[in-house]
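Novice: Residue numbers (the working numbering), protein chains in the order written: chain F, 1210 to 1772; chain V, 41 to 385; chain S, 56 to 403.
Possibly wrong hints are sitting among the right ones.
Only pairs whose alpha carbons sit at most 20 Å apart, straight line, appear in this in silico SDA-like list of lysine to any residue [unchecked claim]:
| id | chain 1 | residue 1 | chain 2 | residue 2 |
| --- | --- | --- | --- | --- |
| 1 | S | K182 | F | S1463 |
| 2 | F | K1727 | V | W89 |
| 3 | F | K1727 | V | E88 |
| 4 | F | K1467 | V | E286 |
| 5 | F | K1360 | V | G264 |
| 6 | F | K1672 | S | Y67 |
| 7 | F | K1672 | S | K182 |
| 8 | F | K1672 | S | A215 |
| 9 | F | K1672 | S | I105 |
| 10 | S | K182 | F | M1671 |
| 11 | V | K381 | F | L1276 |
| 12 | F | K1360 | V | N246 |
| 13 | F | K1672 | S | E211 |
| 14 | V | K381 | F | K1727 |
| 15 | F | K1672 | S | F139 |
| 16 | F | K1672 | S | L142 |
| 17 | F | K1727 | V | G264 |
| 18 | F | K1672 | S | L186 |
| 19 | V | K308 | F | S1463 |
| 20 | F | K1672 | S | R185 |
Across the chosen pairs, the derived CB separations fall in these ranges [to be verified]:
| id | chain 1 | residue 1 | chain 2 | residue 2 | range |
| --- | --- | --- | --- | --- | --- |
| 21 | V | A344 | F | G1569 | 29 to 37 Å |
| 22 | S | K355 | F | E1397 | 32 to 40 Å |
| 23 | V | G309 | F | P1273 | 38 to 46 Å |
| 24 | F | P1273 | V | V346 | 50 to 58 Å |
| 25 | V | G309 | F | G1247 | 20 to 28 Å |
If you're looking for bench data, these hints aren't it; they were derived computationally from the structure.
Where is the CB? At the ideal position from N, CA and C, for every residue including glycine.
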Amino acid sequence: MGKTGQPLEAAWTGRLLPLLLLAGPAFFLFLFFYYPLGSVLVGGLTDQSGALSLAVIYALLRDPYYLKIIGFTVWQAILSTLLSVLLGLPGAYLLARYEFRGKRLVQALTTIPFVLPSIVVVLGFVRFFGNNGVLNRLLMALFGLEEPALKVLYSFQAILLAHAFYNFPIVVRIVSSLWRRIHPGTEEAARSLGAHGFRLFWRVTLPQILPGILSAAALVFIFCLLSFAIVLVLGGGPRYSTLEVEVYRLAKVSLDLKTGSALALVGAVISLVFLYAYIKAQQRSSFAEQMLEDYERPRLASMLRLRSPRGMFYLLYLLLMAVVILAPMVTVVAYSFQVRSGWGQQAVSLEWYRRIFSGGAYLRAVLNSLFFGAMTVLLALPMGTLLAYVGSRSRFTGSQLLQALVMLPIGISSIILGLGYLKAYRNFPWHIVGSWYAIVFAHTVIAYPFVIRVTSATFRKMKPSLPEAARSLGAGPWQLFWHLELPLVRFALITGAAFAFGISVGEINATLILYNEKMITIPVMIYRLIGSYNFIGACAMGSVLMLFCFLAFLIIDRVGGEV
Amino acid sequence: MNKTQIHYVEVASMLLLLLFATGAAIAAPAVEEEAELVIYAYDSFVAEWGPAPKVIPKFEEKYGVKVKVTSVGDAGQVLNRAILEKDNPQADIVLGIDNNMLSRALEEGVLEPYRSPNLKNIPEQLVFDATHSVTPFDYGYFAFVYDSEVLEDPPESLEELADSRFRKKIIVQDPRTSSPGLGFLLWTIAVYGDGYLEYWSRLQPNLLTITDGWDTAYGMFTSGEAPMVLSYTTSPAYHVEYEQTERYRALLFEKGNYLQIEGMGILKGAPHPQTAKMFIDFILSEDFQVEIPLTNWMYPVDPAVVTPESFRYAPKPERSLQLSAEEIRTNQERWINAWVKLVSR
Amino acid sequence: MGLRIQNIQKVYPDFRLELDFEVRQGELLALLGPSGCGKTTTLRLIAGFIDPDSGSLHMNGRRIDTLPAHRRRIGIVFQDYALFPHLSVWNNVGFGPRMQGWGSKDAKERIEELLRLVSLQRYGKRKVTRLSGGEQQRVALARALAPRPHLLLLDEPLSALDAKLRKNLRKEIHRVQRELSVTTLYVTHDQEEALVLGDRIAVMRDGHIEQIDTPKRIYNRPRNLFVGTFLGQANIIRGRLAEREGELAVVQTTVGTLRVSQSQAEEFGAGDEVIVFFRPEHCVLDRSRSNRIKGRVVQKEYLGSHQLVEVESNGARFTLDLADRVTLATGDTISFSVSPHHCCLFLQ
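Kindly generate the complete structure, drawing on both the sequences and the hints.
Specialist: Structure below.
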């Protein structure tokens, strides 16, 4: 490929066109991401008198407490990533090798936790895995125990487990996308040569799916690195604290962050490194996918019915995954169908749903969330797609670093973003903070990297001969994009839209900083309900949220195509 | 329509919507009626079931003034926001500064003192700010609330709380991010003095978890994760009032419970200082005070206000503990750092 | 007229492309060479996907190297067909006309015409992903030809197909090209394809063209050893040019004295180290006096209509292409000869 690789300019008439196209997104990003981000992070780069200095960072990196925090953050991220990959591989195998009905349904379901606001995730976890949760109560009843059997929460293990369970669907998604294209022929050939079992996997399969694994691992690592609510609540307290949690705490103490900014800066740099690694791995992975084709695969049911150890293993695996991923969500939903009647009793009832849909603040929150979700899609989708397109077609040196920078919002906590808006725009004549577009812009900034992720993978997978064929047939740059590349990434666009929507309706941290009474969203409402003893109400709103996310991801199922 | 045509329509409509959205965003100014009084308050104050929906209309009607109440998070964040906007205050009143935060507020110099004539109705010991930069409007006591259906022999003192029979049965909050959390830390210092760290090291095994905020802690408590949680003496009243259950009870300790007094103040450089003063007067009036118990779940500062029936289950301690504002300011950072170091081990 | 590649140069760190040739109007020029010789790069240069460092390209008298790829009116058939997966057969073929703004009636007629040309009339509505390799190849051909290109480029279009299919499609391509008389450049590494399809063949090595000529002349009169050994089978023997005998050059070799016809021997002088070259099928088993070589049969390959016999003589190996009725056994001593007019001489 080397000799025939194309620099961006050769692919377009003149250099002006790509620059013009990028101007819009670049301007938007500058105004609503880099500038606010800078206003916060600059706190970590100035000393007391306001002059630029590395003193704060220096002090931070010398402080044993913060060093411990940084070390722990990286350590738990590494372990969580390993666990996620291990858990994800069997699932990726199943998804890649077998057909079963409702495959996309399952994928839609397992993606929901990823976009849910942290409070709902934690609520569900506590209600299911907690000492008085469904699981323990079940076990206690079954085995007649006095004390809870599985005291898994409020510990290091809880953090790892929660991370693994909420991130392993990403591993499944990314790895299976590559794995499904690896023709079983290679394995059959190896088998005929005497390789089998683990050796077969290690020597033949693994090297082929490695780019996918690395790509997924890099992404999961970043998510675990920046994990906030899970560590905060399920870790049990100050003993297990990560970068993001500390930033959160410091932000609560004072909005003028010095150490907090320095910490966020450290986190951003680490994320940037791994984003870069992710982009490189993804390029290799997409290149591999480019070369391979899809093929027929057998039905899963037939495999599971075998009374073989293999069938049993996978059956157990599926059961376990189903239980652990779905259970917390199901618990939240189940709990919402109640009303606290007299004498602390609980009765089954649709009371809260009646309240939500009969108007008032709750309905307004629902409608607001839908509005913001739609607006976020409208902004994030074109922007993300455009950036992904240019990114996938450019090959100048440093383009990968630039791409990593563009994806940076993944590596920045939304708390910092919200604070950034506060700080950057507090002195502006037009009140950005407290306006509906501030929320939309914040959501867009948070969501567009995911759009990029989904669409750029598809752009890259495209065989280069396709655009060349189109060009030889007379398609100019715009026609190329419109008639060939856009239709081909259509499914990715829809996936990207679903993600953008999901992320927007589930966003809480930045929204909490930027909202006002007229613009309450579902997550903020949930937060408030919890703050006033209304857990049933919180679960009901949480269920509505889950329903929206589920529907959004189900649309991918309807449209079909690769997820 | 065939596939390609549908494709065109899709893309076209998306682009149109995008144009509309950007156009609307750029063109729409912040269309809002000019408010004549702007208040920053904490979240539960502004919520549907909080005091604001009840008291604000009263004020608006009484004085013919349009009020805008903005929620900016919890009490600590209210103060932070005020400090952030020091040079260009967007609000007139900042609501939620308590006795533990007072010295920080005063030090940052964000408040304008105002002595309301209505202060004469309020007991002296509740007026925690001599400069009158902050005017009190309600108070409460931190207390451990327990589930009587699960716990049969609750502790009667801080010391007993550290008993081994309560292993992993207590939920508390982090003083860095929660005011009950801070209150409890100060409480232990008020009781144990410099020996508080030693106390905490004995208490630690009994803690199921240390949460970042009251909501999470209380949520876990009512979910049954642990039978004891740090909360307020008024918490049981809520359950009596709305759930008709007396199962959750507050504990009064031998040496007393720690006192929290909440107040609000006028911001220096406030856009509408006159209306702000009227509001301060208003909060000490019966109209405002009578709404506090059932919406904010605290005691009104005005002793003349009769608390509802359910408040019988919100016991008032005989002794109330408090540390002085100066003491807090001088030592808070040191206390918290030492505490963090201890519990992080 | 046709395609003129004028002094094109493209320099890479490990490779250098230098081209100067033409593809005549209506002819099929086969560009033949081993992998890595630069055939594909040449194609991409002509198509406009890469820019040359210097030189120019002309099509039908007009300069095209300054034009972007989408304006060069060049049809390309790719090795992997590159059919647009989201479009049907009909829309794939119609893509070019559509991009170039044809009226719908003209486009429709043209698509039908081409589908008929490649025998896929009823395939219009089919999804391209459901076609067999051969069918896809035909669609790719139809698609490339639809917008009436001035030049057709084919990049090893048959390499992904099995032998029988390859032969059939080769015929198809040949027929279509003849029928439409479209100027064609056909890139391949398969010498049989080049021989069958090419009106002329250009043999390429290491970035430049060794020889460009009709198949017959390239086969019988290769310019150098590379061309000679690349196409067809060859027998070579080293030797030294001793002297001239009238028209013939006399070469001393380890298998005896060989005489090579003068038309081949012009550039050489006495004492030069040379190589004598001749084809297996020009070896005869008679005892005519010119160029007789005696050796021992070491291997036989029966090929149905003829046989290949490998003979060893004084350390040198020769392959003879003989009729099958000649019976020989391994180990037999035989003598064969080859006419001086069938020999070529190259410098070592």
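Novice: So the hint says 29 to 37 Å: do the beta-carbon atoms of V/A344 and F/G1569 match that?
Specialist: Holds, at about 34 Å.
Novice: Hinted pair, alpha-carbon criterion (20 Å max): F/K1672, S/E211. Please report holds or violated.
Specialist: Distance of about 17 Å is within 20 Å: holds.
Novice: Would the pair F/K1672 and S/K182 pass a check requiring their Cα atoms to be no farther apart than 20 Å?
Specialist: Status holds; Cα separation ~18 Å.
Novice: Does F/S1463 lie within 20 Å of S/K182 when you go C-alpha to C-alpha?
Specialist: Given pair S/K182, F/S1463 is violated - Cα atoms ~62 Å apart, limit 20 Å.
Novice: Next pair to validate is F/K1727 with V/W89; report whether the Cα-Cα distance is within 20 Å.
Specialist: holds, 16 Å
Novice: Assess, step by step, whether the Cα of F/K1672 is no farther than 20 Å from the Cα of S/L142, and give holds or violated.
Specialist: Status holds; Cα separation ~16 Å.
Novice: Does F/K1727 pair with V/E88 here, judged by a C-alpha cut-off of 20 Å?
Specialist: Measuring from Cα to Cα gives roughly 12 Å; hence the hint holds.
Novice: Do F/P1273 and V/V346 keep their Cβ atoms within the hinted range of 50 to 58 Å?
Specialist: holds, 55 Å
Novice: Would you mind confirming whether the straight-line C-alpha gap from F/K1360 to V/G264 stays at or under 20 Å?
Specialist: holds, 13 Å
Novice: Given the hint that F/K1672 pairs with S/Y67, does the C-alpha gap stay at or below 20 Å?
Specialist: Violated, because 24 Å separates the two Cα atoms, which is more than 20 Å.
Novice: Mind checking the alpha carbons of F/K1360 and V/N246 for me, to see if they're no more than 20 Å apart?
Specialist: holds, 14 Å
Novice: What's the verdict on V/K308 and F/S1463, does the C-alpha distance respect the 20 Å limit or exceed it?
Specialist: holds, 19 Å
Against the hints set out earlier in the document, violations occur for numbers 1, 4, 6, 14 and 17.
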